[in-house]
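Starting from the known structure of chain C, arrange chain D on it as the hints suggest.
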Amino acid sequence: MTGFSDAHVWLVIAGLGIGTYLIRFSFLGLVGDRPLPGWLLRLLRYTPVAVMPGLVAPLILWPQATGGQPDPARLAAAAVTLGVGLWTRNVVGAVAAGLVTLYGMLALLG
Amino acid sequence: MPTSTPKITPAARRAFLRGMRGAAPFILVIAPFGLLFGVIGTEAGLNIAQVMGFTVLVIAGAAQFTAVQLMVDNAPTVIVLATALAVNLRMAMYSASLVPHLGRAPLWQRALVAYGLVDQSYAVSILEFERTAMPLPERFAFFMGSFLVISPFWYAATLVGAQVGTAIPDSFALDFAIPITFLALIAPALRTLPHIVAALVSTLAALALAGLPYGTGLLLAAVTAMAAGAATELAMERRA
Chain C
1 MTGFSDAHVW LVIAGLGIGT YLIRFSFLGL VGDRPLPGWL LRLLRYTPVA VMPGLVAPLI
61 LWPQATGGQP DPARLAAAAV TLGVGLWTRN VVGAVAAGLV TLYGMLALLG
Chain D
1001 MPTSTPKITP AARRAFLRGM RGAAPFILVI APFGLLFGVI GTEAGLNIAQ VMGFTVLVIA
1061 GAAQFTAVQL MVDNAPTVIV LATALAVNLR MAMYSASLVP HLGRAPLWQR ALVAYGLVDQ
1121 SYAVSILEFE RTAMPLPERF AFFMGSFLVI SPFWYAATLV GAQVGTAIPD SFALDFAIPI
1181 TFLALIAPAL RTLPHIVAAL VSTLAALALA GLPYGTGLLL AAVTAMAAGA ATELAMERRA
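Quick note, the sequences are listed as chains C and D, same order.
Yeah, the first sequence ends on 110 if you go by our numbering, and it's all consecutive.
Yeah, the second sequence ends on 1240 if you go by our numbering, and it's all consecutive.
Bound conformation, chain C alone:
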């Protein structure tokens, strides 16, 4: 690592470690058992479905492994995973179906 001393690296590790911990601790630690206002609770109810799809959508449409080009095998695998997950509500089954589709399509399309 050019121009970075050991101490410098540790400074980054410490800063990032403490900062990340404080972000994670923030609400859980400081709000604790004080009641949150109703409007905020209503918003927070949608946190997982509001974050996770946005987290994975670019990875599905523009995978880094294909240089950002949409890839039929990965698109099909995503669709099958979502479909099986919606239909069976079974997480492990949906993962398995998605992986089978991915590797099947990759083998098929070479």
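In short, the hints are calculated from the structure, not lab data.
Heads up, some of the hints might be wrong.
Stated by the list, open to error - Heads up, incomplete: computed chain D residues facing chain C, CB under 7 Å, no partners named:
1) L1057
2) L1098
3) L1159
4) S1202
Keep in mind it's a predicted model, so treat the numbers as computed, not measured.
For glycine and all other residues, C-beta sits at the position ideal for the given N, C-alpha and C.
Only chain D this time, still in chain C's reference frame:
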């Protein structure tokens, strides 16, 4: 003053095991990702202690990759920290949304949960808390189970990557394990119209804002999607 040893009830033990089972599929994601960080970190010139320092103390893959990349690019330390922390800001939303479920737990438990609040343990736990009512000690046990089943793989895989220096070849397409596991998890949670609206808005907004730096696009998309979900819920209540 007599100290009371916290009793682990059979129900809490079962919840812990259910948490482990729920998060187990994510080992598929965590292991290759940890391996890759070990390799990249070592190639960037970090020693093993530093690589493990990142993995154990920061324990946030995407932010770790960002920080190492910026250090290799000789970015100023302030920029390295600010950028990598921005990538982690979504975890403040995780923290807030856990308040109704774990806010009453003792401080030491909340402090532990905060350390283990990674994408996977959060997703598995919050979806379970929404689906199944259980007492607070069981919720805590479930969360810890979901975290403790994946974290050893994260640490160990990083160590192996740093020692061995080879990641899993791209041809295994394990990059796609991340979208597959999260999609599988989120699909069963799409059980009401507001949830579906939130997920759609999140997807479209994240794609539209993908050009924004440091994960800010995802933050904006998430806030917009939360508002869309809440607004849909309100509109349905009014109509009902």
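Hint by hint, here is what the structure shows:
The interface hint given for D/L1057 is met, as the beta carbon of that residue sits about 4 Å from the closest beta carbon of chain C, less than 7 Å. Hint status for D/L1098: holds, given a least beta-carbon distance of 5 Å to chain C, under 7 Å. Proximity of D/L1159 to chain C is violated relative to the hint, the smallest CB-CB distance being about 16 Å (cut-off 7 Å). Annotation: D/S1202 was flagged as interfacial toward chain C, and the flag holds, the nearest CB pair being 4 Å apart, inside 7 Å.
Violated hint: 3 only; the structure is consistent with all others.
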